[in-house]
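Q: Protein chains in written order, with the numbering used here: chain A, 993 to 1438; chain B, 993 to 1438.
It should be emphasised that the hints constitute simulated quantities derived from the structure, not laboratory data.
Watch out, some of these pointers could steer you wrong.
What the hints assert, rightly or not - DSS-like cross-link-like pairs, simulated, lysine-lysine; straight-line CA separation at most 25 Å: (1) Lys1269/B x Lys1350/A; (2) Lys1188/A x Lys1143/B; (3) Lys1143/B x Lys1179/A; (4) Lys1188/B x Lys1179/A; (5) Lys1269/A x Lys1350/B; (6) Lys1179/B x Lys1157/A; (7) Lys1269/A x Lys1342/B; (8) Lys1179/B x Lys1143/A; (9) Lys1157/A x Lys1157/B; (10) Lys1157/B x Lys1179/A; (11) Lys1342/A x Lys1269/B; (12) Lys1141/A x Lys1188/A.
Claimed, not checked - Here's a subset of chain A near chain B, in silico, CB distances under 7 Å, partners left out: (13) Leu1006; (14) Pro1037; (15) Asn1039; (16) Ser1049; (17) Ser1051; (18) Gln1053; (19) Asn1145; (20) Gly1182; (21) Ser1215; (22) Glu1217; (23) Ala1255; (24) Lys1269; (25) Gly1293; (26) Leu1294; (27) Val1307.
In this text the structure is predicted, and so the values were computed from the model without any measurement.
We put the CB at the ideal spot given by N, CA and C, even for glycine.
Number of protein chains: 2
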Amino acid sequence: MQTSDRQEVIDDLLSKVDQDAPETIQEIEQAHGVDSLALLLEALPVNDRVGFWEQLSPSLQLPVLAEMRDDAGEAVIRAVDEAQLHTLFADLDADTLLELQDVLTEPLLEEALGRMDSEQKQRYASAQQYADNQVGHWCDHQPLVVPAKTKVNVVLRLLRRVMPKYCDHVFVVDSRGIWVGAVPIHKLFGADGVLKISELVREQFPSLNARDDIYTSADTVASSEEIALPVLDDGNMLIGRLDLGTAYEMQAERAEAQIMATAGLDEDEDLFSPVMKSARNRALWLGVNLMTAFLASWFIGLFEATLQQVVALAVLMPVVASMGGIAGSQTLTLIVRGLALGQISKANLKPLLSKEFKVGLLNGVLWALVIGAIAGYWFESWGLGAVIGAAIVANIISAALAGIFVPVLLEKLKIDPALSGSVILTTVTDIVGFVAFLGLGTLFLL
Amino acid sequence: MQTSDRQEVIDDLLSKVDQDAPETIQEIEQAHGVDSLALLLEALPVNDRVGFWEQLSPSLQLPVLAEMRDDAGEAVIRAVDEAQLHTLFADLDADTLLELQDVLTEPLLEEALGRMDSEQKQRYASAQQYADNQVGHWCDHQPLVVPAKTKVNVVLRLLRRVMPKYCDHVFVVDSRGIWVGAVPIHKLFGADGVLKISELVREQFPSLNARDDIYTSADTVASSEEIALPVLDDGNMLIGRLDLGTAYEMQAERAEAQIMATAGLDEDEDLFSPVMKSARNRALWLGVNLMTAFLASWFIGLFEATLQQVVALAVLMPVVASMGGIAGSQTLTLIVRGLALGQISKANLKPLLSKEFKVGLLNGVLWALVIGAIAGYWFESWGLGAVIGAAIVANIISAALAGIFVPVLLEKLKIDPALSGSVILTTVTDIVGFVAFLGLGTLFLL
């Protein structure tokens, strides 16, 4: 649905929420899928969110809760009556509990587990063997599977009754549950009914290992051009499947996490998280950045005497810092993308450095002339113009080189360059910029 | 495939590229899909890239070229012999030409068009009726379609022969090509062979309008839980279909574009684009940021006399600016996500402002105490500590409010807040920070 429709529903809901109008809720339920209902709930302040959630039909309450981002769902769980949750747990399945487990309290999780039947409990336990960045944790643990000896006729009867979503192959396992292969459904048309299904298995069908990274697995599914891939454990036992729909959600989550990370935020951050919690979450990032800012200040402090005599240097400091920061972040962004795509290697690092150096030199000289001229005219000092020009050239070139070295080194140290690259880079460009500018000023303007 | 494997192949290729080793290329072709080959080519400096591309089997050359990001593909096209391209155009289809059209020169495009048969030409012309942000442009223009009167037997015979990828429904149109509906393939098992296919059509099946935005359409396909949706023109004529695999690619492209945009870059930017072109692309963003930096400088310049007397103010300026910028970008990032998801409306703006104000107040006071104490101790002036503390509180709170107002206003003005939000926000926080800090300094420290 269009985002503008959602905004209208939010306005509508917030204006009516006090009136307790069940017919409105029913209309909204009919017009919106679970995804969209979850987005709507996230957009409401916590009290309204809980009120709306309580009015949803019981069959929707758990799925919508499982779909919401963790922090937003947690706010609902904390606010509603525990008894109400207990009644919902009656028809909980393993996959929903996996989605909810991070937001349930320990006693609620125990309660929910106790209520599940043994089959679901076993699926849950099997998923728990894998970390939550592994595909074994998040794949669909109840795929449609037939034993290798099954006759084609039996499979056809089964498919006439049930047809899971995202399915154009039948997955086949042997009597021990070991992966045998996949049969394209269209091969069943006109096939001999008494044939064993295993005789129609496609020769090559890609698969995922349960320990594979979830985001890499999503990309593997997409590039395989299959609708879903089997997920196997180390002994080739089929433990589930990852379909392209789930892969799409995973990719969206990764993109969101990456953008939120640039501001030091978690992708689960709730629009209406409690003030104390939100302030605490953000304080850490502010603290990290404060240290780098004080470091830059300390370098400026080395030139206190110069600043006192040539106050124009203080006025122009933000220009030097800003140009270095922007030029550096351009190179950094390009390199971080290349690293994520596996495109940066030892062998192409040298030509990349040479290219970025030349781009930096060109833009450095161009903007040095512009900024030097403006500064010289503004403060009626061509010496100052020359000093800031030289500082700009030095800062833009070193920013371009740091834009390559910082993320490549972070990657080597197994630190996510998308998260911490920009704060380290800015520290480098700030310090280089200030030292070059104030240092040259000390040498030539006093 | 794993990104580390790709890095190894790049190292390998760049070390062997001069040796002209066709057996290596063959091995790589066998191990990599078209997507991965395109990523490999993008990672090579232009000369090596052209050399490797020329050694690919002819049947892979066009598909790999079409898969590459525009700038990287353009570099190949510019470097290779036109005659070589001409021979490749022999078996060009409409969808490949659509991918290539932005990188082909006008004469090459004409040549390619001239070589296509009339059916493909018509498909190309039909796609061209839609802008390149519309799903009618990018959908698959050759979906498997059967006329409504077709007997089930005939459809079964067809499906036994061909089965397109990403397909679990047969699309049905009437004699004029108007959309009738979709038949789930499993309904064909055991269906009466002389039945007309139209009698098995599902009652409700979602569809896309050809003018719908491509990214919104990708989300619609994903949330529909169907593998592919039909794309209809305004008269309900079926013009193509959008499958989840293409939707996945579109989403990846959108995420990449959004991250590149934060540094003022295009998602088509080539790792090894020509130095002049790259420098020009980046100069614009540097220029925009320069203007905002000079604006900040101008505000600092108003306090020149103060800076001359209390040089510690100059030393500490980066701290004030940095804290405001970081706090503002945290709120901005949260709000930009909310806007993209349609979660920010008139009705929840007030509670959002109130929450962010309180978060800003808490973090403002916390960090004012920390920074005030450090600054007071460093410069042995508790007056200075009080001044910077007050400036920090003012700047963090105003940053939080600007973090909401700036993107909401940009969205109203139909300007992408993900692109320009952060540069405007930083300008606001810089100016508020400097004016508060230097203004309070002027009042209380002289």
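Q: If a hint holds in the structure, say so; if it does not, say that too.
A: Hint check:
no.: 1; hint: Lys1269/B x Lys1350/A; result: holds, 11 Å
no.: 2; hint: Lys1188/A x Lys1143/B; result: violated, 29 Å
no.: 3; hint: Lys1143/B x Lys1179/A; result: holds, 19 Å
no.: 4; hint: Lys1188/B x Lys1179/A; result: holds, 22 Å
no.: 5; hint: Lys1269/A x Lys1350/B; result: holds, 11 Å
no.: 6; hint: Lys1179/B x Lys1157/A; result: holds, 14 Å
no.: 7; hint: Lys1269/A x Lys1342/B; result: holds, 20 Å
no.: 8; hint: Lys1179/B x Lys1143/A; result: holds, 19 Å
no.: 9; hint: Lys1157/A x Lys1157/B; result: holds, 15 Å
no.: 10; hint: Lys1157/B x Lys1179/A; result: holds, 14 Å
no.: 11; hint: Lys1342/A x Lys1269/B; result: holds, 20 Å
no.: 12; hint: Lys1141/A x Lys1188/A; result: holds, 5 Å
no.: 13; hint: Leu1006; result: holds, 4 Å
no.: 14; hint: Pro1037; result: holds, 4 Å
no.: 15; hint: Asn1039; result: violated, 10 Å
no.: 16; hint: Ser1049; result: violated, 19 Å
no.: 17; hint: Ser1051; result: violated, 17 Å
no.: 18; hint: Gln1053; result: violated, 19 Å
no.: 19; hint: Asn1145; result: violated, 10 Å
no.: 20; hint: Gly1182; result: holds, 6 Å
no.: 21; hint: Ser1215; result: holds, 5 Å
no.: 22; hint: Glu1217; result: holds, 5 Å
no.: 23; hint: Ala1255; result: holds, 4 Å
no.: 24; hint: Lys1269; result: violated, 9 Å
no.: 25; hint: Gly1293; result: holds, 5 Å
no.: 26; hint: Leu1294; result: violated, 9 Å
no.: 27; hint: Val1307; result: holds, 5 Å
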